[in-house]
Every structure is written in C-alpha cells, then in structure tokens.
Amino acid sequence: MHALIGENGAGKSTLIKVMTGVYEPDEGEVRLRGEEVAFASPLAAQEAGISTIYQEVNLVPMMSVARNLFLGREPRRYGLIDSTRMKREARDILRDYGVHVNPARPLRSLGLGAQQMVAIARAVQIDARVVIMDEPTSSLEAREVETLFGVIRRLRDQGIAIVYVSHRLDELYQVCDRVTVMRDGAVVRVDDMSAVDRITLVSLMLGREIGDVRTHGATGFADAEHQVKGAPVVAARNLQRRHQLDGVSVEIRPGEVVGLGGLLGSGRSETAKAIMGALPLDGGSVEVGGTTTRRTVAASIRAGVVMLPEDRKAEGIVPSLSVRENIVLAALPRITRAGLVDRAKQDEIVDYFMKRLRIKASSPDQRVSELSGGNQQKVLLARCLCLDPKALLLDEPTRGIDVGAKAEVQGVINELAEQGLGVLLISSELDELIEGSDRVVVLKDGRVVGELTGDDVSQDTLMTTLAEAPPEPDLGAPGAPEPDTTEEERHD
Amino acid sequence: MTDVAVRPTPAVLDRNRVVTWLQDYGVYAAIAVLIAINTAIKPSFFSMDNFRVQAFQVVPVLIVALGMALVITTEGIDLSVGAVIALSSAVIPLYLGYGPWLSIVIALVAGCVSGLLAGLMVAVANVQPIIATLALMIGVRGFAVILNGASAKSVTDETIGALGLDSWFGIPQEVWIAVVIVLVVAFVVRRTAFGRRLTAIGDNRAASALAGLPVKRVLVAVYIISGLLAAIAGVFLVGHGGYADPSNYGLNYELSAITAVVVGGTPLTGGRIKVLGTVAGAVFMQLVAATLIQNNVKNSYSQMVEAVIIIGAVYAARGRSGR
Amino acid sequence: MSTLSPTSAAGPDPAVNVDVTGETRLERITGIAQQQGGLVSLVIVFVAACAFSDGFADWGNFQSILVGNAYTSLLALGMTFVILTGGIDLSVGSMFALGGVLAAWGAGHGGVLVAILLPLVVAALFGLLQGTLIAKARLAPFIVTLAGMLFARGLLQAISAEGTDTYLVPKGSAFLWLGDGTWRPILTAVILFVLGGILLMRTRFGQALFAIGGSENAALLMGLPVARTKVLVYVLSATIAGAAGMLNASRLQSGVTNIGVGYELTAIAAVIIGGTLLTGGAGSILGTAAGVLLLAVIQNLIGVHLSQYGSSASDLANGLFLAVVVLIQTTLTRVRRLP
Amino acid sequence: DDSGGSSPTGGAAGNSAAAQQVQSTGSSGDSCTYTTYGADKIDLKNVTVGFSQSESTSNPFRATETQSITDEAKAQGIKLIQRNANANVQQQNTDIQDMIAQGAKVLIVAPENSDGLAPAFAQAKAKKIPILTIDRTVNGSACSDFIGFIGSDFAGQAKIAAQDMAKALPDGGNIAILQGTSGNNVAEARTDGFTKEIAASSPNLKVVASQTANFDQATGQKVMEQILQSNPDIKGVYAENDTMALGAIQAIKAAGKTPGKDIQVIGIDGTEDAVKDVAAGVMFSDVETNPRFGPLAFQALTDFYSDKGTPTNIIIADHHFTKDNAQEALDNGDVY
Ligand SMILES: Nc1ncnc2c1ncn2[C@@H]1O[C@H](COP(=O)(O)OP(=O)(O)OP(=O)(O)O)[C@@H](O)[C@H]1O
Ligand SMILES: Nc1ncnc2c1ncn2[C@@H]1O[C@H](COP(=O)(O)OP(=O)(O)OP(=O)(O)O)[C@@H](O)[C@H]1O
Ligand SMILES: [Mg+2]
Ligand SMILES: [Mg+2]
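Residue numbers (my numbering), protein chains in the order written: chain A, 1 to 492; chain B, 1 to 323; chain C, 1 to 339; chain D, 1 to 336.
It is possible that part of the hints are untrue.
Only pairs whose alpha carbons sit at most 20 Å apart, straight line, appear in this in silico SDA-like list of lysine to any residue [what the hints assert, rightly or not]:
no.	chain 1	residue 1	chain 2	residue 2
1	B	K298	D	T219
2	A	K345	B	D166
3	D	K127	C	T279
4	D	K253	B	F51
5	D	K125	C	T182
6	D	K41	D	G77
7	D	K105	C	I32
8	D	K323	D	N313
9	D	K257	B	L165
10	D	K79	C	Q308
11	D	K253	B	K298
12	D	K206	D	G172
13	D	K253	B	G161
14	D	K105	D	Q76
15	C	K171	D	T219
16	D	K167	D	G140
17	B	K216	A	A314
18	D	K257	B	D166
19	B	K216	C	T331
20	D	K257	B	S167
21	D	K127	C	I65
22	B	K216	C	T279
23	D	K206	B	N296
24	A	K87	C	I32
25	B	K153	B	V105
These are computed hints drawn from the structure, not numbers from a lab.
Just so you know, these numbers come straight off a predicted model, no measurement behind them.
Chain A with its partners taken away, still in its complex shape (with noise of 0.2 Å):
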C-alpha cells in the first residue's frame, strides 16, 4: 500500500499517466514484476492488471450508472449483453459503497460525490493485481472514505498493491505502508510511512524548512470567530426544487463564514447553485443585500454573489483559453470600455491574483489546461475574487489541493471574511468545515435539519444532528431529475 504524495503540480498525475500508457515516457522504464513493459494504451495496462481511478472523475456522464459500472466488460448471455443481469449486479455492487441509486439512472444525475464512488468500484471490479488511485477521495465525505478504507484493506489482504495519490494527509497515515513523495517532477523521497513523520513530509513536499512549515496549523483558518456585523448579504428562503431541494433556507451576514454540511447528494451543491440562479427552482427566493435579485448567474454576480464550482473540469475551466482569460472571464463586464477589452487593467488584475493566490503556471499565456489540478481551482478562485464580491459561495474550494495551497486557500478565506465578506462553505473535510465555519448549516436529502452554532460546531454534534434527522424516503424519488433549460445544463 503506497502513498504518493506532493504539493500540486508535482506531477502526480503525469507519472500516473505515464505508468499506464496515457502518455509515451520521453525515457525511463516501467517495470510490472520485475519485466519491463510499455503500455501502448490504458487498455493495455489495463489488461495487464494495472487499474487506476484517474484523478478527474471519467466516466460517461450520460450512460446509466449500471453501463458505466460494466462498460467494455458486461456480462453476456448468448453474446449479447444481459442488461437485467447488469442492472442487479450493479445496484448490489454500489450498495456495498453506500451508493443506493437505481442503476438506470444517468450518471451524470448523481452529486460528483457518488460519481466518485461509482468509478471506484468499477476500478476493483477489474481483478488487478495493481489498483492506482489518484486522488480517490477528494470529493468524498467522511462516511464514503471509512467504505473506500475497507475495500482498500480488503485488496490489501488479497495481496493486490495499491498506489494511493492524496492531499490528506492524515488517510496516508491510516492506510498506507510507504511513501514515495514528489516534488517538481522529481522524486524527493520513498520511504516507510511510519518513518516520515507528518511536518517532515510536508516540508519535503513544499521544499520549505520545518521551521516556516510548523506554523501552519491543521488548517489555515484561525480559530477566532470572525465578528458578524449587520444585516445578512444574501438570505434564501425556503428554496424548493423537487427531488433534490425542500425548503432549504440559509443567511449570510457580511463577515460570516456559514458552512453547509451534509453527506453526498444532501443537496449542497444545489443550494449553492440555488442561491447563484444556476439552478431554476420550484419555489423560494434569495435575496441579495435585502432586495431579491432577478434569478441568472449575471444578476447575481452584478448584486456581488459569486460561486466557485464544486466540478473543476465541467463547470469550471475554460480549457483552451489562457489562464488570463480564464480568471477575468466573469469580470469582463468590469474591463471593457464600449466593447474593447482593457488590457491594461485586465493584466493587473492578473498579475495581483497571480501572485496572491501563487498560481504556478509558466506564464498568464499558458493554457489552464495545462495546469494542474490544484493550480486550476486557484485560478478559478481568482476568477471569483477580482469580481469583488459581497457573497462567495465556495463548493469544496479546496478540493485536490495540496497542504500548502489548502493553507493558502483557507487564509485567503478567512482574510475574505475578516474584510467583511458574507462565505458559504461546502466541504467534505469534516475539520476544513467545523474550523472554518463559524456557523453550520447541516443538510439532509434537500432538507435542514439543524444549525449548528458557536460551541456546537463540532464534528460530534455534526454527525450526530446528521444521525438523527429521520430520513425522507420520498425525496429520492427516481428517474430522471426534472427538465431544465439553464445553459450550463446542456452540454456537461
């Protein structure tokens, strides 16, 4: 059980790609048992028992979650396909990973979280004598990751090796036996796990002294609760939407970090979405600085609300435009005069964010997609901040970044609501929320069930709030979600 580790951009994802014939090494070799081999193409390392959840989740949004869980090896009756067979074997399968979900169901309706969970399970059903993970858990809540814990044990007992890419920490020292960290591309260090211990690996990670990392704490938020003053920034109320909302109702006030907490498909994300106009709703309002904005994503950032997205790669980037353009793609409106982009202030906007957020990229011309994954979702921050919002809605703002950016990222939070910012926070790192939040707002199946304030924030109270809520077994009535005609919808 290996841990592969390194801050972001280290590259993580290029080696794994590499091990598994994504990409051809320029030199080197791979050795599988002790004979070389080249994998022409995934299949190839596929077939020669190599599985690897990739870091971005891929899958096939629009197949049903059954075919996705099968795809390429379904089973098959007289050579044609068994598809009620698939459809049993899948919701057995995924009711094991604490999925419950009709197998028939488009992938793409379920949360990112529970696609997460889907990939996973189709990478052990492949029997692989090497199972790579890159970032398996980054958007999984506590509860998922104990599951993927045991099926991880599971393998290990069955002799199979896994290689296990994570930027939480504390998951490396649960499972893993050695570590091999990175750093620029290079290996830094392989080791024994028990032998490195937390500070040294973070230090070896960023390259910084022990010294300048020891004053990090476990998160980048201080611990002082920011000072809440007047009137809430943006105040939803009672938003409906059916199968997923009921009757959701949270405030910001200026200077409040508010987290959301809740397990996979609680609903979160929508609420974010929700309050930004993203989503059309069946009921309810928002309400921005007192007065209900008209519902697009336009009119809620003209008000000063602004999200960052909970799906970098779908929702977020803007894959073949620059990291300049991406990060002052929304505030477009702000540096044009009659229709003419003003570079001037469009590069000082730029460079300010660049450096503030350390947005690791060869240049501002460099095409985002070639960043990596934690370099991304800095530059999809900086798309929020230069926006300067009142309200910022922020779904897993740290999700697949490394300690040292996590750090910053928390800092730049806790700076933004110091200043007077009204934050919504979505995490499914239990501590990332209950220290950054100086009020939880915990969702379950669409609905409230409990706020949790000053002392209460806890993660005790969280889960047992959680645990207690009765469950509401209609809300996850089936088929496909209702018609929608947002833009965003279209083409993801």
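Use these hints to put chains B, C and D with the ligands onto chain A, whose structure you have.
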C-alpha cells in the same frame, strides 16, 4: 515559488513547434505552391487579370466563411447561408424601385432576420444548430423563390453592378469591402469582450454560463452576423451576375464555406477561431478550383483531386493530437 | 471478476438512500415519451394526417411511403451509429449512388455474387480509409467525409463516362430478386433496423459507441478500444450505404448515376429528429426509424396538397414543417437536459 | 429541358402560335391504342390523370411545361393530380406510386432519368395504367412499358448548333463547351450530338475546353471566366442551355471582349432573354426546346383511347432562332 514544474518536456515542445508552424502557415505555403505550379504551367496565370477573376469568385465565399467561422467557434454550424444568399438576391429586384442603396439595406435586413430565427431556435429553443439551420436552408430558399417568382430577374442597376464588377485602383470594389470586413471580424475576435465570450462559450458552455456570460445573447448575435454576411455575399453575386436567381444562387455555399473555415485551421469542435486562416482557406480552395478548370480537367477527376487536396490541407493544419 | 465487498461497517446507510424503489410504470412511459420526442411527433402528425388528409389513410398510400423510403432509410441507420460517436458521415449519399452503379455493373459483367459483393467491398474499404483518417490521423469527421462525398461522386463519374452511361441490370438476372416487389424492400429495412438496434443496445461495440460519444477521453481511460471502434463505425456506415445503393439498384434495375445527391442531409435530419444528439452519447435506433417515417409522411402530405402550387411553396412548407417538428421534438426530448 | 432561364413563369404557355408542332412521328404504322397496350377503355373526362414532373418548377422550362399541362387539362375539363420529384429519381418513383394509390388511371410522366423508374412503371403496368412519357425518353418498349414519347430531339438540336457554329466561324478556331449537369441524359445527348457533328463536318473547329456548368447561369459565368483566362484565344462558345449561355456572355463582357464579335455564343432552349440576345446580335443563334406539352400530350391520350391510336414517338419541331427570325418571333410572342 519557482515555475520549474510547469515547464513541459522538450519533446512536447518540439512537436508543438512543428505542428503550430504548420497550423499557422501551412495554408499560406500551400497557396504559394499552387500559384507557383500554375505559373509554371501557364505564365499568364500570374497576371492581374487572372487574380481579379479569382478575387471576384472567392470574395462571396470568403465573406460567408467568416460568418461560418464565428458560428463554428460557438460549436455550431450554419447550413442556411446559401439560402440567405438566395433571399437577399430575391429582395434586391423587388425594392430596386426605391433605389439601389435602400434595396441593399433591405436585403441585409432580410439576412439578419433569417439569422435571428436561426439564433432563436439554437439559443432559446435549444434546437441543434445543424437541424435548425437545415430547416431554414430549405424553407428560406422556398420563400426567396416565391418572392422572386420562378425565373431569374435581370438587375441592371449601375451601383449594384459596380459592386460586382468594377474596381478601385485596379482592385475590385468587392475586395476592398471584403478586406474591411475581415479586419473588423479579426478585431472583434481579438480585442472585444464579445470575441472572448464567443470562444469561451464554444469551449465550455457550462462554465461560461456559471461565470455569468450572456450565452443566449452571444449565440443569437453570432447567427445574425452570419446571416448578415451571407446577405452581403448575395448582393455581390447579384452585382457580378447582373441578375437575381434565387433558385440557383448560393447552392452548396454552406459546404464551400465550411471547407474554407476548416482548411483555414479552425476546429469544428469550437472554442478556437482563425480569421486570417479562414481567408487563406477560401483563397486556397478557389485556386484549386481555378487550377482544375483552367487545365480542363474532367469533372470526375476534379472532384477526386479536390477531395484529396482538402484532406492533405487539413492534415497539414491539424491540431495537436489528443495524447 | 473479483466479487469484493467492503466491511459491513460501512455497509448500507439510510442517509444516502437517495432512491430506494425502481421506476413506476407511468414514470417509465413518460420517460420513454420524453426520450422519444421523434416517435411522439410521428404519432401526432400521423393521426392528424389520417384525420384531416383524405386519401392518406389508405393501404396503397402507406405501402408507397414505406417502400419508397425503405432503402434510403438505411442511410439514416448507418448515420445513427456514426453520430452516436459524435462524428458525422456526409459521404453516404455518394456512397449510395456508387454502390448502385457498381452493383448494376457487376450484375452485367459478373453475375449476382459480383453484383452483391463488389459494392460492399468497395464501400467497406472506403469506410476504412475514412475511419482511419478520422480515428488515427484525428481529422474532423465532417471534413473527411465531405471530401469522401466528393471523391465517391468523382469515382462514380469516372467509371461511368462522366455519369453518361448507365449500367442496366440484365433482364432476368437473379440479382433483381433482391429489391423486387413491395414487401421485400420493406422487410429488408425492418430486419436491418432490428439488427441495428441489437448491435447498439446489446453488444459491447454498441456500448463503446455511446461511451466514445459521451466522453472520448473517459472511454480511452476506461480502457475501451476507442480508435478501433471509431474506424469500425465508419466502415459500418459506408458499408450500409453501399448495401442500400446495391439493393436500390436491384429495385431500379439499373445503376442511376445522378442519384443520392443531398441524401446525407435527409439522413442526418431523420437521425436528429429521432432524438440522437449530434454531439454524440445519446440516441436510439427506434428514434431514427421514427425520424425517417416522420420525414416521409411530411413529404407525402406536401406532395398531395402542395404540388400544384409549385416547388417553392413545397420547399417553404417543408422548412416550416421541419422547424416545427424539431421544436416539438426538442421540447419533448429531455435526454440532454439532465442536471 | 433543365434550363433555368428568364421569363415570367409559363408566360406564353397558352399562346397558340407558340404551340408545339409535330416534326416527325417516326415511321408510320407503329401507332399505339389501348387495345394493343392492353389497357381498359376509359373516357378521359371522368377519370383522374396524374402528372409527374421531374424537376423543380423554379426552372422556367419546367414551370411552362407544368403550366401547359394543367391549362390543357382544365380546358378539356379533365381532373389532374400532380407531383414534383425535384430531380430525385427515388422521389419520382414514390410520386408515381402515390398517384396510382390516389386513383390516377392514366399518367403523364416527365422522367428525371431514362433509367431508374422501373418499379413505378412496373406497378403501373401491373395495374394496367398507361403512361405517356414527355420531354425525356425512358428505356423500355413503347406501347408496352409505356405508351410512347413526345419531345425534342436533343442530339438533333446539338447538331443544328454545331452547324451554326461552323457558319459563325467560317475560318475555324478554338471553341469551348459549357456542359449540363453530369449524368443528365439531355446534357449527354447535347454533348455527343455537337462533338460528333463538329468532328464530322468542321475539322477546323477545335474544342479546347469542355467543362460542366450544371445548366446554371452563375456557374456558367464562373467557368467561362476561368476558361477565358486559360484560353484567351477562344472564338466560340457552345452552351448546352440558354442560362449557361447568358452566364458566358456576362463573363465575356467582363473580360473586355464583345460577344457576337470577338466570341460567338450559341445556346439551346429559346428562352426569352437568349432570343433577345440573338436578335441584338449578342448571341449567334439559339435552338428552341418547346416546353408546351399540354395540347399534344392530351391529343395523344385521346387518340390512344380511340381506334386511331397515337404514334409512339412524336418528335416536336423546335424553332431555330437566328438573327433573321428572332425579332419577329419575339414580337409574335412565340418565345417563352
Ligand atoms: N498537457 C500538459 N502540457 C504541459 N504541462 C502540463 C500538461 N499537463 C500537466 N502539465 C504540468 O505538469 C505538472 C504536473 O501536473 P500533475 O497534474 O501531474 O500534478 P499533480 O501532482 O497531479 O498535481 P495535483 O495534486 O494538483 O493533481 C504541472 O505543473 C502541470 O502544469
Ligand atoms: N450516495 C448517493 N447515492 C445516490 N444518489 C446520490 C448520492 N450522492 C448524490 N446523489 C445524487 O446527486 C444529487 C446531487 O448530489 P450532490 O452531490 O450534488 O449534492 P451535494 O450535497 O452537493 O453532494 P456533494 O458533496 O457531492 O456536492 C442528489 O440529488 C442525488 O440524487
Ligand atoms: Mg493530479
Ligand atoms: Mg456538491
């Protein structure tokens, strides 16, 4: 922090350099080659006269191709351009009574209206571009022929004739106007927010929408522009031919335009656009046609040769392969 | 396949029990209706036609509609596979014509087997070439098949003296049996459509098509033979087109050289009206069949009611009809609108 | 045939002076009656006659043809239904079968192509429904697969054009041919007819360029512009229809030459604009293709159902417009 991590491997770089060179200059090189070959065969090919003839024939395609390029950038396609050409050609004789300029204006407006329809179907009703514009392609031509009546009408107006035949400083008026249009489009694409949005929407529509871009508005605008440019082409054709023939004008222009755009290096998958490349693409295809006809190549062989050349050109200009 | 299951500690958990039951019948029906906007539109138009257009609801009329579109509908069948992968095949019209000419020539110069095999082989090779250019050289399908359209047409004219000599199928040639009568063409089409449906929904090849169309990158990383599948799909489309042309030649008893112009657009229209996404990843054979019939019915109605007003009136109506139909279809079809 | 030309739709359709005149009816004797054909005796007045047009009526020839048929039917009080195949053989088969299904008892068909209508004709034959073909021939045996044919002799027209070209260029020179759509029977006949005659009787005429321009004016202009670049010494142009001729004239003018003086243009169809050009000396001559099939067609059908019978191959006399008769023809309104 240092930037070492982001420096791609040299191998990648080299390949890119070659590919990008081909992408950027392949078409121009090809044009040069074609001219050279023809001049070798027949020196008179390299003459102002000949170039003028080629110019007259390429300008309408080129103008349509520019609009097409914009549409393609948004991941769309516009099959209705040929029909729009027919429409504007049908409108001109109808309103010639009110003077050439007014009739031209009305023709252009007609083009915009058709574009608006396409835009609304695509942006608002979410109809897939190819089918929305296919419907227009059939319907608009029918409408144009009804407007004009079955047979061609001759158009003898000087102003319009001049647009299609006369020159300023030995260069056809059409060409001057085309140059202006090219510059405007290039400027819009490079320097304006509209251009930026265009590419963003074509590249990742979901993200663009979440970033609050006016997706619908941009889409509608793009189809209107395409309609407008097609209408302009229609006016030029009327001027050049001296008559309006809605039932035959603009046939297959959509294909010629798309070919020009793609040969020019704009990917059909949207998100990127090459304005000058499109111009080069149109010119290149025109020269190919000229070469074949001037050497009296049989229609059957011309088609095959053309096919091979298209493939060759696109192959040379093709983007960095996926992995 | 290892049947691994994690420790029951993290087993079933009511908290994420998002949907417990399967779909109810009603929901399944409405679901289908929404996936099959084309089919629904067809029913609407068909019923309306039977009600308001006298002479439409006539057995002979239905026959002529069906037999008239039997072979051209195959182009749409092949097109469906291609479009599902996010590609497109503009060469089918020319391929249809070429297939016919080759078949007629073969029937005259070599007998039944040549007549049948020659078109298929040539078409397959043609598709192989296109597929390779698209899958291996990564050229845009649109442009490759556009060139293919030109090339096939040119080839056809080259072997028929610029299209002037039309090869006739000798009277009494056994080859004529294939496309003879009313029912044989119709049944051929029906059978091929059914086979197509099975190929799509019940084979790994079919699933790979969906996957590639849905997300080529993902399909690659999931270890599907992306390139091979893409090549195959163009071979398939070209072969079907060639076969359709061959069968049609048997029906027309000759290899008409100027046939098939613009058929690709009709085929594409049928496929898309059938609810297949041009971007790939979603669609169905049933939908395509509905699309084909819908267009055929519309054509028939326009023929009956508008011919006397001249072609342009028919064109206008045709365009309007098409627009209305796709609007209905798009509003009904939900496949692309899922969150 | 397939000319896009330029005149108000069916302008002279009714004009009697412009009516088709029979030139030859083939060798006498081979006349066809319903009995020899094996059809039942019917009275045209109380049955439905179907007319299948092959190409879009946005082309004046087709417009005039259709007009003439419908007018004549109206005049004789005959119920007529019609279809238009828009240059699609496939469609024309369906059209014919539709009309049979719709209860047509007699059919007038303007075939899109001389081959490829087998299924439709077979069905008609099976149902004992006689078919009269006009303006293009179909392969098959007269008075059995179909009643017979009425139309022009395209090769003959081309022959006349060739002879005119010889007159126009007594001391020879290079000439260009603008061909009709590839694979179109008419274009084919008009190419053969012309080239054969040239080869036979005027060796001093040299065809240096022969390119298709799809019977279309704009294309004709484009192609001619190119040809003028590659062969500046062209003396004559033979266009297989008038619209291409008009396009060629535009191109010649644009190239700064004078049609009728520097370059002689000859066309086929006899559309108004072309004949005007002939009168004005811009075009050397023009051979007519008369689209007014109504009267002859229905006459033939009437004869078919009488004991007299109708000839199976009626070739119509096409006017031949030259500088001498063009103006008068225009004045009489003989031109469509
Ligand atoms: N296609 C590409 N072209 C150029 N550079 C690239 C490309 N893909 C990745 N890189 C660079 O290679 C480096 C390694 O990227 P990689 O995705 O492997 O980082 P990572 O370790 O996975 O980071 P993260 O933890 O954020 O996923 C990054 O600096 C990235 O900018
Ligand atoms: N474990 C699961 N089982 C079944 N369906 C799920 C699961 N997780 C999510 N879904 C589906 O995804 C939809 C949206 O979930 P989504 O993940 O966006 O909500 P969320 O609270 O934002 O979760 P996340 O933390 O992943 O963002 C839910 O309505 C549900 O239908
Ligand atoms: Mg990574
Ligand atoms: Mg979420």
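Output the indices of the hints that this structure fails to meet, ascending.
2, 3, 7, 8, 11, 15 and 16
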